[in-house]
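Participant: Residue numbers (my numbering), protein chains in the order written: chain A, 1 to 546; chain B, 1 to 201.
A few of these clues could be false.
[Said to hold, decoys possible] Pairs of lysine to any residue residues, derived as SDA-like cross-links and limited to a Cα-Cα distance of at most 20 Å, are as follows:
(1) Lys193(A) to His22(B)
(2) Lys186(A) to Gly29(B)
(3) Lys186(A) to Arg26(B)
(4) Lys186(A) to Glu21(B)
(5) Lys186(A) to His22(B)
Hints are computed from structural coordinates only; laboratory data are not their basis.
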Amino acid sequence: MTISLEPRNSPPERLQPTGWLKYLSFSLDHKVIGLQYLVCGFLFYLIGGSLAGAIRVELTSPLSDFMPREVYNQVLTLHGTIMIFLWIVPVVNGAFGNYLIPFYVGARDMAFPRLNAVAFWLIPPSGLMLITSYFINGAAQSGWTAYPPLSITTPAAGQIIWILSVLLLGGSSIFGGINFIATILKLRRPGLKLMQLPMYCWAMLGTSILVVLSTPVLAGTLILLSFDIVANTGFFNPSLGGNVIVYQHLFWFYSHPAVYIMVLPAFGLVSEILPIHSRKPLFGYTTMVFSIMGIVVLGLVVWAHHMFTSGTPPWMRLFFTIATAFIAVPTGIKFFNWVATLWGGKIALNGAMLFSCGFIINFVLGGITGVALAQVPFDVHVHDTYFVVAHFHYIVYGGSVFVIFSSIYHWFPKFTGKMLNENIGRLHFILTFIGFNLCFAPQHWLGLNGMPRRVAEYDPQFQLINQISSLGALLMALSTLPFLWNIFQSLLYGEEAGDNPWNALTPEWLTSSPPPVENWEGEAPLVLEPYGYGRRDSIETQEQKK
Amino acid sequence: MTSIVPQEQSSESKKNLSTEEHEDFRLFGLIAFLIADGMTFAGFFAAYLTFKAVNPIGPDAIYELELPLPTLNTVLLLLSSFTFHRAGKFLEKDEAKQCQRWLLITGVLGVAFLISQMFEYFTLPFGLTDNLFASTFYALTGFHGLHVTLGSIMIMIIWWQTRIQHGRVNKENKFPFEAVELYWHFVDGIWVVLFIILYLL
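Make the full structure from the sequences, and use the hints.
Facilitator: Rendered as structure tokens:
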């Protein structure tokens, strides 16, 4: 059975806003929705970044003199929640996924455009609700993990708003995931096989499977937690006969895959960017595909490595240590494939390439500390210290956020039709890279020496290192300024980009910049070799096929 | 199966770009959603089984369940799955009258389940916050009951929409019918698992 998307289903044309107003509308165009995700996410990034700045200012002195302890806890919770649920997850999945996946599969839009718009428009209200909770009796104080009994004993209003907000964001994420799975598996252009898709499609397929399988478990858990807070039940309340460990198991069943939900799409984006800017085919396509799927499967069975100090029995520790160590294998394959892609290539050191290389360096460092943390004896030593903070930020900031910036430099010409200034891009990279490493590398030392995380006050012996770390945070904050300047400058006065400024072969570059509403004038191009660089005929062949 | 208009027809499709023909994969999307929904239940079941294994309830607590009523509920739901299937057969044959009759029976069975469930709630000797078992029992059956409520409402909407004169669900447009049917079978399946885990184990 076939269905046709009749024009009668879409609102009359005069009701559709044009120009920049369409970015504030319930638009069904996947490109508009992608940019909505991106800009909305970036605004939340600025808020979350300011909160991180407040945390670092507080930590320049051992006493809690910049803000009271309760406020510090709220700022910490909001920082974590905003950065994860409102910046990284929506941007690496929603923004680039919505913009790129229909191009890559050769479709005119996502499989369910209306569901797509609903998924986006769940985000701004839940984000605003989360932030507003700070002004209503104070925001949640129990961190982004909301472990009971802490989350049951801290003020209820903020915690309940936090739960509602995360439930809405989880719903948005599930709708997005269903849409991506249907688009990639069902909406492919005839003649395009799965193994001919650009790598980002595979990354999004794997991520969406994780989203659909694990996010609902978090939703169920948070519903039970809210019962504990509001209805006085005792699921996770030991004084009423409940069991806090069950919460941790259920929570990490989502929240460990959540790390892959944040980083697998980044893997995919890097795999798109590296071949184009080093003019070489992506090395080891098939192994890349299998390692993504390997990470998806293994990622679902490693959650308890977050709980080695929660009284987990020895057999469980052994199993989860081994499973976690195994994840290093597919991840290592991907790392070596990226390096091999660069090897001997004609590398252009522009903003996109620099941020991607920065990602590779940071991610290896974060990966190494990750394998170290999977070992029970070491983990028991550094659990809940700044070592974990450093490891986590090397993965999500040094990994995902670097890739987001890299992708913005890479796809900005396609989004807007204007080139970004590469020199300002290089300055942005240098400031971010130095600032990031200055901020988080010393935290490994802090953690190894026993500074606990999530506490506003600390032993005075750690003051100097904390101040160095805060200096790095200041550099990171400053690095946003050249980036913003670059964006606005280029939007207004930037050089015209043309359709394909990078001489790329992936389908999104084979249309005009910015692309027309239905992606292509006429038939979608059939791109069977998205990474056929370095061969004399490759561009011409694609042109003919087009 | 093809997903977009084949190349030969492209001249036609150029006339109106917003018309893209592809296979109907709304059911595929619904299945993905039901998998997600099933994972929520899986989380609840896992929590319940762990509580049962690790957190024994005090000897004086009351947590015995009576079997007759939930068995009746199981029969009601299984019957309703069967009647829904019958309705589908008649929709296939374009016999709207018969289809509506069987849909109505399905809806009534769903509502009967809800009433019976309510009756059980009122007669049970424990309340929501009495002990861990009681809380989990109400959370699980309540979450399932919410699904049955939504399903019954949707069945009634479908029933109304299959009427002969101005109904929008018929042999040509049967996606809404299929979607609700799939959802209803899913809710039944969850009940069977829930019945086994909660009442029989």
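Participant: Confirm or reject each hint.
Facilitator: Going through the hints against the structure:
1. Lys193(A) to His22(B): With a Cα-Cα distance of about 17 Å, the restraint between lysine 193(A) and histidine 22(B) holds, given a limit of 20 Å.
2. Lys186(A) to Gly29(B): holds (10 Å)
3. Lys186(A) to Arg26(B): Given pair lysine 186(A), arginine 26(B) holds - Cα atoms ~11 Å apart, limit 20 Å.
4. Lys186(A) to Glu21(B): holds (12 Å)
5. Lys186(A) to His22(B): holds (9 Å)
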